[in-house]
Amino acid sequence: DQQVKQNSPSLSVQEGRISILNCDYTNSMFDYFLWYKKYPAEGPTFLISISSIKDKNEDGRFTVFLNKSAKHLSLHIVPSQPGDSAVYFCAASRLRGNEKLTFGTGTRLTIIP
Amino acid sequence: DVKVTQSSRYLVKRTGEKVFLECVQDMDHENMFWYRQDPGLGLRLIYFSYDVKMKEKGDIPEGYSVSREKKERFSLILESASTNQTSMYLCASSLQGAGGPIEAFGPGTRLTVT
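For the protein sequence lines, the chains are A and B, in the order given. Mapped onto the working numbering, the consecutive letters of the first sequence carry residue numbers 1 to 113. Mapped onto the working numbering, the consecutive letters of the second sequence carry residue numbers 1 to 114.
Calculated from the structure, these hints are not laboratory results. Each hint should be verified, as a subset may be incorrect.
One-sided excerpt, in silico: chain A residues whose CB lies under 10 angstroms from chain B [unchecked claim]:
| # | residue |
| --- | --- |
| 1 | P9 |
| 2 | L34 |
| 3 | Y36 |
| 4 | E42 |
| 5 | S49 |
| 6 | S52 |
| 7 | K54 |
| 8 | K56 |
| 9 | T102 |
| 10 | G106 |
We put the CB at the ideal spot given by N, CA and C, even for glycine.
Start from the sequences and build out the full structure, keeping to the hints where you can.
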């Protein structure tokens with residue numbers, strides 16, 4: 001039972017354009033959401049997070065949007081750069097109760113120069 | 001910078017062997033985790049520990065055990081390796097509990113069981 005889904009296994013975007021990565025979840029109890037980035041042969045690195053009391057969080061070129069009614073979040077990268085080419089994982093948890101992170105299946109983003 | 005190191009980057013073992021994957025973190029984090037990453041399945045939590053000698057099962061603990069004798073070290077043990085345990089294994093540590101952001105992952109161990 002995949003509670004966090006990333007339906008696009010891969011995405012290609014032209015350098016300088018906007019990259020939009022999507023993530024859907026089924027568990028309405030999730031209240032904290034994160035994005036991680038992973039390069040080959042390296043561990044994932046934490047990018048950005050959002051709690052359910054907000055619908056947007058921004059950090060430089062990265063913005064995460066949360067639509068609770070649709071159980072959907074997205075990561076926007078503007079402008080996309082070649083170094084953004086990586087696998088991106090979304091993750092979700094319930095902070096109350098300190099429950100573990102549940103990760104999505106990942107989306108491989110390729111930035112085309 | 002938090003550093004999480006894993007004892008091996010690549011490992012090849014035979015079916016039935018006992019396998020030890022070691023992980024060490026240098027930031028005095030309370031919480032440590034073992035994940036495996038498989039194509040199309042993302043990261044799945046095997047075990048985690050929130051204190052020395054404490055452990056909790058994750059989503060897929062079958063066939064694995066763990067040991068945390070010291071705060072900085074968290075070991076994953078495959079009691080009798082099987083081919084379906086061929087995977088990328090990632091260790092991680094965090095200051096916050098299991099639901100908070102994980103600040104640091106190790107580089108991973110690519111285990112092949114033949």
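Results for each hint:
1. P9: holds (7 angstroms)
2. L34: holds (6 angstroms)
3. Y36: This hint holds: Y36(A) lies near chain B, its Cβ roughly 8 angstroms from the closest one there, short of 10 angstroms.
4. E42: holds (6 angstroms)
5. S49: The hint holds - S49(A) has a Cβ within 10 angstroms of chain B, the shortest such distance being about 6 angstroms.
6. S52: violated (12 angstroms)
7. K54: violated (15 angstroms)
8. K56: Status violated, d = 18 angstroms.
9. T102: holds (8 angstroms)
10. G106: Hint on G106(A): holds, closest Cβ of chain B at ~5 angstroms, below 10 angstroms.
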